Amino acid sequence: MKAPLLRLSARELGGAAQAAAAASVILAVLLQLMRRPEAVLAFAAAAAVLFGTSAGCLRRDAGLLEFLLTRNVTRSSLFLVRWAAGLIPLLLSLLVAASDLLCGLSARFWSLFVESGFTVPPSLSRTEALAWTAFALFAALWLYTVTFVFVSGTRDAGEMFLALLAAVAVFAALPLASLGLLALLSAAGLVDFSLVYRPLSAVWIVWYGLLCAAGAAVLALGLRWFEGVDL
Amino acid sequence: MSAAVETFHLTRRFGSLLALEDLSFSVRRGEVFGLLGPNGAGKTVTVRILAGLMRPSDGGYALLGSLRPARDPAVRCRVAYISQTLDFPASMSVSDVLRFCASLYPAWDASLASSLLARFSLPPSRPARELSAGMKLRLAVVCALAQRPAVVLLDEPAGNLDPLARREFLSVLAEAMERDEPAVLFATHQLADLERMVDSFLVLREGRALFSASMEDVRSRCRRVEVFFPQAVPPSFSLSGALAASASGRVYHALVMPFVAEAVQRECASASARFDAFPVSLDEFFCSLLGREGGEA
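Taken in sequence, the protein lines are chains A and B. Take the first sequence: its letter number 165 is residue 165 in this note's numbering, and every next letter is one higher. Take the second sequence: its letter number 102 is residue 1102 in this note's numbering, and every next letter is one higher.
Accuracy of the hints is not assured; some may be wrong.
Unchecked claim - Simulated restraints on C-beta separations:
id, chain 1, residue 1, chain 2, residue 2, range
1, A, Val-168, B, Glu-1175, 49 to 59 Å
2, A, Asp-230, B, Leu-1210, 20 to 30 Å
3, A, Gly-63, B, Gly-1060, 25 to 35 Å
4, A, Ala-217, B, Pro-1127, 51 to 61 Å
5, B, Arg-1129, A, Asp-230, 20 to 30 Å
Simulated from the structure, these hints should not be mistaken for lab results. Quantities reported herein were computed from a predicted structural model and do not represent experimental measurements. Heads up, the beta-carbon is just placed ideally off N, CA and C, and yes, glycines get one too.
Turn these sequences into a full structure, and let the hints steer you where they fit.
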């Protein structure tokens, strides 16, 4: 049952996926020009919001939702398949951006045409590049899930706008709360705050786990709500 | 035979508005059950609850014996739903929609789908979203019947169809009744259409069950009675068994069920009046019961 539904969802998201794929290639080239790894994070956040919104706007097309949910399709499978259908192109886009950071893909691309400053590979160490990639990946997963769940509750553009604002607020709240907690733990002498500045340290690993757990919890809450909502 | 559709004290509130109150009925396999009522009576809410699109506030329902049919794939694949508000994926042609439905239903009848497609003159390569409202409804009918359902839920299905297409739709539905013997729940305004098919019906008003009967009972035991008085109708006059009554000038009108000619004759004679009795159509029955003129249900 899920395979045809996934194919349908992928087809419905096809336009957005193509646009994001094109944008990711262009941005990957630009990232190289900017020479700033933080840009990967900005790219990941933009892609997460784009795909979270595209995949999450289930209820905007009430007639289609009525058609799907009166077939042999359960609400939970539709919800999870739509979440997965948006996640796949998001991960592919991130792969392009991360490969630029890790392998200097755009530098190699430019070197086909010119010999200039553009063709110099990134100066980040492999560990730093991995750290930024992991940060971008987990932040994007968290933001994508929050955006998807919040947008799935909306039925028109006005509600969607408010949902996006709320999603961004919740997205930002978790890292800020985590930093606050870390500062408190550090003040109590339990944790060394400087671990934040060390790529892929235990603090980061725990934080990525926290993001995954929070994402799963938000998805479960969204699913529970979607199971009971009137359509 | 156990009921294929059963509701138990079904209640639905929207804030302070009570859209359905304590509604209980059942539909057996092979039975066509009409759900009638004026606009806002709760017909669509009832069908949408049974289709799993809404949740009841209180009470419950069972489809094919399952108390949680929305979560039971074995039941879901045997329940068909048709409404005017259905729409299809923008990325799919008519044949894509049928392929998609075929992949979801183990009992999908491809040859029946093809024959219905041809019968309804649906162009297979046309994007389903671009079909007219009537054509979309025909496609919904193909999708519903080719899954060989045991329960068919119809919410105002024929409203967008022209008279010929409506006749075709009813004939296709009658063939499905012979082939699969599904339980059909039919919420509609087209009472003339319903009368040809319906076995029993329930009239709803303001979310409450007002009256239920079998069509056979209405045909054999119900009459519209007109009582003619030499002068104005006495205010105290009423016929026993009158479901609804009104008086204008010298004529008293009543919908009487059960109609017993001798009893009516006796009551009229005692009031020095004479009477005529007529069989009633479903439309007349409905309008008399709800005490208003016009054919809209």
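Evaluation of the provided hints:
Look at Val-168 (chain A) against Glu-1175 (chain B): about 55 Å separates their beta carbons, and that is inside 49 to 59 Å. Between Asp-230 (chain A) and Leu-1210 (chain B) the beta carbon distance is about 25 Å. The supplied range of 20 to 30 Å therefore holds. Roughly 27 Å separates the CB atoms of Gly-63 (chain A) and Gly-1060 (chain B), a value that falls within the hinted 25 to 35 Å. The hinted range of 51 to 61 Å is not satisfied by Ala-217 (chain A) and Pro-1127 (chain B), whose Cβ atoms lie roughly 40 Å apart.
The beta-carbon spacing between Arg-1129 (chain B) and Asp-230 (chain A), approximately 24 Å, falls within the hinted interval of 20 to 30 Å.
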